[in-house]
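So the protein lines, in turn, are chains A and B.
Using UniProt numbering, you'd call the opening residue of the first sequence number 1 and step up by one each time.
Using UniProt numbering, you'd call the opening residue of the second sequence number 1 and step up by one each time.
Careful: at least some of the hints might be erroneous.
To give an idea of the chain A side of the interface with chain B (calculated C-beta under 10 Å), a few residues [to be verified]: (1) Ser-41; (2) Met-167; (3) Val-169; (4) Glu-172; (5) Ile-181; (6) Arg-184; (7) Gln-189; (8) Tyr-231.
Calculated directly from the structure, the hints in this document are not laboratory data.
A virtual CB, placed ideally from N, CA and C, is assigned to each residue, including glycine.
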Amino acid sequence: MRLINQKPGVAFAAFLTALPFALALIAYAIGSDIRLSANPSDKLLPAPSTILSTAERLLTEPDKRSEQILFWKDTWASLVRLLLGVGISAFLGTVVGLLIGLLPHVRSTLAGFVAVLSMIPPLALLPILFIVFGLGELSKVVLIIIGILPFLIRDLSSRVLEIPREMIVKAETLGATSWVIAIRVALPQLMPRLIQAVRLSLGPAWLFLIAAEAIAADQGLGYRIFLVRRYLAMDVILTYVIWITALAFVMDWGLRVLSRKAFPWTESTL
Amino acid sequence: MSFVTVDNIFQSYGNRPIIERVNTTIDEGEFISIVGASGCGKSTFLRLLLAQETPTRGEIRIDGKPPAKEPGLDRGVVFQRYSVFPHMTVRENVVAGECFRRPWGRFFGTERKAALGRADETLARIGLDHVADQYPATLSGGMQQRLAIGQALAAKPRVLLLDEPFGALDPGTRLSMHDFLTELRAETGMTVFMVTHDLEEGFKLGDRVLVFDKPRWDPTDPNAYGATITYDFDARDGGIPFQKIKEETNVLQPA
Ligand SMILES: Nc1ncnc2c1ncn2[C@@H]1O[C@H](COP(=O)(O)OP(=O)(O)OP(=O)(O)O)[C@@H](O)[C@H]1O
Ligand SMILES: [Mg+2]
Chain A
1 MRLINQKPGV
11 AFAAFLTALP
21 FALALIAYAI
31 GSDIRLSANP
41 SDKLLPAPST
51 ILSTAERLLT
61 EPDKRSEQIL
71 FWKDTWASLV
81 RLLLGVGISA
91 FLGTVVGLLI
101 GLLPHVRSTL
111 AGFVAVLSMI
121 PPLALLPILF
131 IVFGLGELSK
141 VVLIIIGILP
151 FLIRDLSSRV
161 LEIPREMIVK
171 AETLGATSWV
181 IAIRVALPQL
191 MPRLIQAVRL
201 SLGPAWLFLI
211 AAEAIAADQG
221 LGYRIFLVRR
231 YLAMDVILTY
241 VIWITALAFV
251 MDWGLRVLSR
261 KAFPWTESTL
Chain B
1 MSFVTVDNIF
11 QSYGNRPIIE
21 RVNTTIDEGE
31 FISIVGASGC
41 GKSTFLRLLL
51 AQETPTRGEI
61 RIDGKPPAKE
71 PGLDRGVVFQ
81 RYSVFPHMTV
91 RENVVAGECF
101 RRPWGRFFGT
111 ERKAALGRAD
121 ETLARIGLDH
131 VADQYPATLS
141 GGMQQRLAIG
151 QALAAKPRVL
161 LLDEPFGALD
171 PGTRLSMHDF
181 LTELRAETGM
191 TVFMVTHDLE
201 EGFKLGDRVL
211 VFDKPRWDPT
221 DPNAYGATIT
231 YDFDARDGGI
241 PFQKIKEETN
251 VLQPA
């Protein structure tokens, strides 16, 4: 039988899914063991047990000075920035994407401009953002928006343009105005695409968030990682990295479930 | 008194003529079948009738009004594909035929209830009441076309344009769609243009059958000339083919 037609059974598929995770864990444990047996005070690859106990300490013990659990404080600060940045981008991306996709005049005006804007490396703008918006929350949220909005606009406007012309003409023959076509035909069909696009832009959004926090912040997941880097606290860094990965994964998964539940009319797997 | 007047229409894309010198008049309530070779410009002609495109020369008037600049309520259309809205249930699709003309594209309150009631009646008529709450993607091709026709009719257009509406259907479904369309026409008395590749279907349903073909042919450059109406058959007498020719203006003459 051809390789392309050979499919694993349910149990074997689950095993295959778990396999790389297990291998990575085992490889890490072995590496850490080798280094620690050579030098018990080695900080580079802390033992899994050390990471676990550090994680427990970080998640439960309040900071002595501020009497707050910094882990949750950092998480909250980062999530607020991320959700604000992604939420505002998604909203603007939808509105501008609809305008570009539906209105030829707006398309002529903005499509080329957005295409050029999206080529600007957002991180290169970071110093400007800090100068213009200060070191507070605003500059971090703005960095995320600058980082992902051009992509969202380009993706969503091309999705609007993909709506078959026939469907738009059909709506016209039913007496729909441009506004009605936008809210009753284009927008509902854009929503699953929006969720898809947001899923794709979550990765860059985290990247920009952590970069901004690393450079100027007084709390946040990225800030903490770059702070404890000075003490080579790999156990803390790894805990935070695992936590960020878990958050990103849960967001992605949540959006996928949402798009399946909320848009039963899409047959395609998004 | 002619209802649709097609006056010396030319349409080219780039410098490639697709249709040229198309002239015809159509009475209100006539059923016009349009046949012709693939790619000769039948869909283009429908797009011109729909005012989705403007002809490079000539004009089309409906009911003596100035030529329309964009598609509107007076002309309904069923394309071969993409004619229903995939994100709305079957019932909502029918309601859309009435409510898209509203400022928000919806009905509210009692008006909405009444419209849903009417939609259910329409669905019962077109035999889709059992799938009223499903999405179009779950319907078969024939059901989707029936829905598209029901939706177009809910808007009560004066002219209905059908582009190979039954092209993808099996012969049995096709026959029941013919009955459906004949009934609807008898009821509404609207003017219908239907493009089809099935001559039998064209003669069975149509009052007239227009044949599109190229009257001039340049052997060195097949794209040099566009197509026009070469035959205009009267198909009224029981729909049997080989009727008398009504016009003989553009028949291809051997050189
Ligand atoms: N927007 C366009 N731009 C350029 N060429 C076009 C456009 N639309 C149609 N054509 C060309 O015009 C010709 C006629 O197309 P049309 O779709 O009207 O043919 P048709 O008679 O409907 O064919 P079929 O029976 O296959 O549906 C085709 O050769 C096509 O390539
Ligand atoms: Mg066609």
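Cross-check of the supplied hints:
1. Ser-41: violated (62 Å)
2. Met-167: holds (5 Å)
3. Val-169: holds (5 Å)
4. Glu-172: With a minimum Cβ separation of about 4 Å from chain B (threshold 10 Å), the hint on Glu-172 (chain A) holds.
5. Ile-181: holds (8 Å)
6. Arg-184: Given a least distance of 4 Å, the restraint on Arg-184 (chain A) holds.
7. Gln-189: Hint on Gln-189 (chain A): holds, closest Cβ of chain B at ~6 Å, below 10 Å.
8. Tyr-231: Given a least distance of 54 Å, the restraint on Tyr-231 (chain A) is violated.
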